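Asks: Chains A and B supply the protein sequences, listed in that same order.
Counting with the numbering used here, you get residues 272 to 852 for the letters of the first sequence.
Counting with the numbering used here, you get residues 0 to 115 for the letters of the second sequence.
Take the hints with a grain of salt, since some may be wrong.
What follows is a set of in silico ranges between Cβ atoms, one per label pair, in the way DEER data are often shown [said to hold, decoys possible]:
(1) Arg280(A) <-> Val46(B): 51 to 57 Å
(2) Pro326(A) <-> Leu52(B): 35 to 41 Å
(3) Leu49(B) <-> Ile394(A): 48 to 54 Å
(4) Ser27(B) <-> Val291(A): 40 to 46 Å
(5) Val100(B) <-> Ser383(A): 45 to 51 Å
(6) Ser99(B) <-> Arg371(A): 29 to 35 Å
(7) Ala45(B) <-> Pro326(A): 23 to 29 Å
(8) Ile481(A) <-> Val100(B): 51 to 57 Å
DSS-like mimics (lysine-lysine), calculated; alpha carbons at most 27 Å apart, straight line [stated by the list, open to error]:
(9) Lys584(A) <-> Lys445(A)
(10) Lys406(A) <-> Lys379(A)
(11) Lys406(A) <-> Lys79(B)
(12) Lys518(A) <-> Lys445(A)
(13) Lys30(B) <-> Lys544(A)
(14) Lys718(A) <-> Lys847(A)
(15) Lys322(A) <-> Lys370(A)
(16) Lys408(A) <-> Lys364(A)
(17) Lys518(A) <-> Lys322(A)
(18) Lys584(A) <-> Lys518(A)
(19) Lys79(B) <-> Lys489(A)
(20) Lys30(B) <-> Lys398(A)
(21) Lys408(A) <-> Lys30(B)
(22) Lys518(A) <-> Lys398(A)
(23) Lys544(A) <-> Lys489(A)
Rather than coming from a laboratory, the hints here were simulated on the basis of the structure.
Model, not experiment: these values are computed from the prediction.
Just so it is clear, CB atoms sit at the ideal spot from N, CA and C, and this is done for glycine as well.
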Amino acid sequence: MKQTALHTRRSRIIATILFVIVSIFVIRLFYIQVVQHGYYTALADQEQLKKERIPAMRGLIYAKNAGSPTLLVMNETVYTVFADPAIIKDRDKVAEVMKRVAGGNVRKDFESLLERTESRYQIIATKVTHLQADKIKDEGLSGVGFQAVSQRVYPEGELAAQLLGFVDTEGQGKYGFEGYNDAELQGVDGRLETVTDVSDVPLTIGDRNIREPAQDGKNIVLSIDRNVQSYAEQALAGGLKRTGATKGSVLIMDPTSGKVMAMANLPTYNPAKYFNVSDIGAFNNGAISIPYEPGSDVKTLTMATGIDKGVVKPSDTFINTDAIRIDGWTIGNATRGMTGTISFQTALTWSLNTGFVTVAQRLGDGKTITRSARDTMYQYFHDRFRLGQLTGVELANEAPGILYSPQHQEGNAIRYATMAFGQGLDATLVQVTAGFGAMINGGSYYKPTVIDGYMVDGAYRPLDAPKPVESGIVKESTSDSMRTMMETARGSSFGYLDRQGYKIGGKTGTSQVAREDGGGYKDDETIATYLGYGGTDMPEYVIMVSLSGDGTVLQGARDALPVFTDISNWMINYLKIQPKG
Amino acid sequence: MSYQQNNYYVSRRQQNWSRNQNTTRYASAVKLGPVTHTILVALMVAVLGLIYLTQATRATGYDYEAQAIDSQIAELNQQKGELEIENARLTALETIRNSSVAREMTTPSSTQYVNQ
Chain A
272 MKQTALHTRR SRIIATILFV IVSIFVIRLF YIQVVQHGYY TALADQEQLK
322 KERIPAMRGL IYAKNAGSPT LLVMNETVYT VFADPAIIKD RDKVAEVMKR
372 VAGGNVRKDF ESLLERTESR YQIIATKVTH LQADKIKDEG LSGVGFQAVS
422 QRVYPEGELA AQLLGFVDTE GQGKYGFEGY NDAELQGVDG RLETVTDVSD
472 VPLTIGDRNI REPAQDGKNI VLSIDRNVQS YAEQALAGGL KRTGATKGSV
522 LIMDPTSGKV MAMANLPTYN PAKYFNVSDI GAFNNGAISI PYEPGSDVKT
572 LTMATGIDKG VVKPSDTFIN TDAIRIDGWT IGNATRGMTG TISFQTALTW
622 SLNTGFVTVA QRLGDGKTIT RSARDTMYQY FHDRFRLGQL TGVELANEAP
672 GILYSPQHQE GNAIRYATMA FGQGLDATLV QVTAGFGAMI NGGSYYKPTV
722 IDGYMVDGAY RPLDAPKPVE SGIVKESTSD SMRTMMETAR GSSFGYLDRQ
772 GYKIGGKTGT SQVAREDGGG YKDDETIATY LGYGGTDMPE YVIMVSLSGD
822 GTVLQGARDA LPVFTDISNW MINYLKIQPK G
Chain B
0 MSYQQNNYYV SRRQQNWSRN QNTTRYASAV KLGPVTHTIL VALMVAVLGL
50 IYLTQATRAT GYDYEAQAID SQIAELNQQK GELEIENARL TALETIRNSS
100 VAREMTTPSS TQYVNQ
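Go ahead and model the full structure; you've got the sequences and the hints to work with.
Replies: Now the structure itself:
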């Protein structure tokens with residue numbers, strides 16, 4: 272009886288001890304698993320869960336190559352090699368391997384960087400290729416790591432540099448097409464959240480794995496034809512060399528669609544080495560970013576306005592005295608001696624300012640450039656030919672230019688008199704070319720565009736044929752008359768330069784350059800332009816050439832016209848246009 | 000442990016069985032206690048756990064295979080990209096212009112068109 276009581280007491284003690292021990296475990300587990308749940312989950316996630324950004328591939332840019340797309344801008348993965356000097360075991364071997372494998376890519380002072388043991392991160396080489404990186408990895412160097420970087424590659428070198436723009440070290444598109452279409456080209460990065468093992472291999476276990484694939488940027492096909500672009504750049508370079516001009520632009524456009532076939536600018540730069548450019552002005556696309564007073568090219572638009580409004584015909588005459596007075600200011604002709612009663616065709620052929628001031632007067636009461644005349648000119652120049660406003664071409668840094676409305680204090684009679692022959696307004700090459708294209712194509716204005724289509728899964732998907740922004744900006748009969756006038760003007764003086772059997776028309780321009788201080792025009796500087804087209808029954812291309820240089824006097828007929836002629840004759844062959852007649 | 004087999008005869012009205020079917024029902028005489036039940040449940044849980052672990056391990060094995068294939072794809076894509084760049088460089092206008100074939104070419108003296 273006494274023994275049984277003893278057993279019972281011992282059992283109770285053991286049970287109590289066990290209970291206490293189990294209770295401690297239970298409480299501790301409760302504390303860890305329930306109270307500290309969030310903390311330990313976060314700790315585990317930190318160890319096991321890997322969060323990665325899946326970078327989207329920047330869209331490729333293609334040009335046309337006689338109709339089919341060809342790559343103009345590509346991506347390449349290169350590597351930045353870094354070292355941790357604190358854990359490098361054999362510095363001599365690292366130096367020897369880096370020199371042998373990536374000699375051209377190592378930093379000049381990289382050997383001294385390896386000695387800086389207080390630092391844990393030293394970049395010793397940049398832009399190392401995949402092949403070079405593999406060779407370095409094969410050497411099994413301790414303390415040497417690699418960071419993959421994507422960079423743009425330009426197989427055609429400097430071709431269309433200002434049109435394309437470049438991508439900076441942050442991966443942001445700057446200038447040109449890269450800048451304007453940055454969001455479309457960049458795509459959207461993907462996301463990867465997954466449990467990994469010690470080697471960072473993603474594992475499918477776990478219920479919180481997230482894999483959102485990256486959406487690569489769009490692969491865009493430009494309307495630029497690389498052959499046309501290349502020839503335009505060559506012809507422009509030849510023009511600069513011949514004339515002594517230091518800057519030049521050539522714009523070639525299809526007048527029946529607004530598609531830009533070439534946009535050349537000089538001086539240029541290599542977009543792959545944009546960081547070596549000292550003058551950032553070289554990044555600007557002169558054809559869209561630098562408004563200027565277009566000069567006599569605009570006379571064609573003034574004439575079209577007069578014909579379209581029915582106030583003048585090419586054969587109509589006026590009395591030319593080589594000077595005309597407007598509000599106390601005398602406007603003279605650059606070409607003198609064609610005085611007397613002459614036709615407006617003659618005025619266009621000899622580019623006589625007085626003839627086009629007369630057209631402006633006839634838009635009013637015939638004697639002065641009335642408010643009504645100015646309203647009409649503004650309606651045509653601004654609202655129809657769309658000068659002095661952004662065209663919407665898909666390129667960064669397009670400038671709108673300036674065209675004063677008659678409501679503006681500056682929109683007075685003398686302003687509109689000078690506008691009649693292309694001074695007193697600021698417009699860009701792309702604006703003038705697009706407006707001119709609309710005037711000669713029968714009266715349909717097309718938005719200038721550099722996009723022709725997209726590459727989707729390796730297949731070319733061209734966009735639908737562009738529709739005109741506005742039709743009937745001038746009557747078809749006006750368009751016909753203007754083409755006849757310009758073909759006559761060109762044919763009378765320069766027709767011998769053109770291929771026979773084609774209709775080539777155009778207009779020279781020699782524009783004065785306004786002084787920076789606003790006090791009139793410079794005496795020692797002019798901009799030479801030529802604006803023309805070619806084809807058979809209908810124009811198939813419009814070419815605008817502009818040459819300029821600080822302190823350089825240039826002339827449209829002497830300096831810009833030969834560049835047009837060179838390109839125009841080449842275009843006829845390239846586009847395989849058959850002669851008529 | 001002994002087994003006992005009992006035959007119970009039940010009126011057909013008390014059951015749903017049909018004609019000519021076996022009307023003999025087997026009833027085990029083995030009685031399992033709560034401890035045995037607990038052990039059995041624990042064993043079943045352990046077996047299920049083992050099955051889960053086996054499957055998870057197999058799935059992880061596939062992860063390594065998938066990772067190896069992904070690496071291979073990335074490597075091949077890298078090579079493809081490099082070849083495309085090389086191809087683009089070799090077919091660039093500047094390269095063509097400087098090629099020996101291009102140097103031998105001449106400008107045609109005249110162009111004739113055939114009306115189709």
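Asks: Taking 51 to 57 Å as the stated bounds, is the beta-carbon spacing between Arg280(A) and Val46(B) within them?
Replies: Cβ of Arg280(A) to Cβ of Val46(B): about 42 Å, so the range 51 to 57 Å is violated.
Asks: Taking 51 to 57 Å as the stated bounds, is the beta-carbon spacing between Ile481(A) and Val100(B) within them?
Replies: About 54 Å separates the Cβ atoms of Ile481(A) and Val100(B), which means 51 to 57 Å holds.
Asks: Go ahead and decide if the range 45 to 51 Å is satisfied by the Cβ distance of Val100(B) to Ser383(A).
Replies: Holds, since Val100(B) and Ser383(A) (Cβ atoms, about 49 Å apart) stay within the stated range.
Asks: Between the alpha carbons of Lys408(A) and Lys30(B), is the straight-line distance 27 Å or under?
Replies: violated (70 Å)
Asks: Could you grab the alpha-carbon distance between Lys79(B) and Lys489(A) and see if it respects the 27 Å cut-off?
Replies: Holds. Lys79(B) to Lys489(A) sits at ~19 Å (cutoff 27 Å).
Asks: Look at the Cβ atoms of Pro326(A) and Leu52(B) and judge whether their distance stays inside 35 to 41 Å.
Replies: holds (36 Å)
Asks: For Lys30(B) and Lys398(A), compute the direct alpha-carbon distance and say whether it is at most 27 Å.
Replies: Status violated; Cα separation ~79 Å.
Asks: For Lys584(A) and Lys518(A), compute the direct alpha-carbon distance and say whether it is at most 27 Å.
Replies: violated (37 Å)
Asks: Going straight from one Cα to the other, do Lys408(A) and Lys364(A) come out at no more than 27 Å?
Replies: holds (13 Å)
Asks: Lying within 29 to 35 Å: is that true of the beta-carbon distance Ser99(B) to Arg371(A)?
Replies: At 33 Å between Cβs, range holds.
Asks: Verify the proposed pairing of Lys322(A) with Lys370(A), using a straight-line Cα cut of 27 Å.
Replies: violated (35 Å)
Asks: Quickly compare the C-alpha distance for Lys30(B) and Lys544(A) to 27 Å and report which way the hint goes.
Replies: Cα-Cα ~88 Å, so violated.
In the structure shown, a violation is registered for the earlier hints numbered 1, 7, 9, 13, 15, 17, 18, 20, 21, 22, in ascending order.
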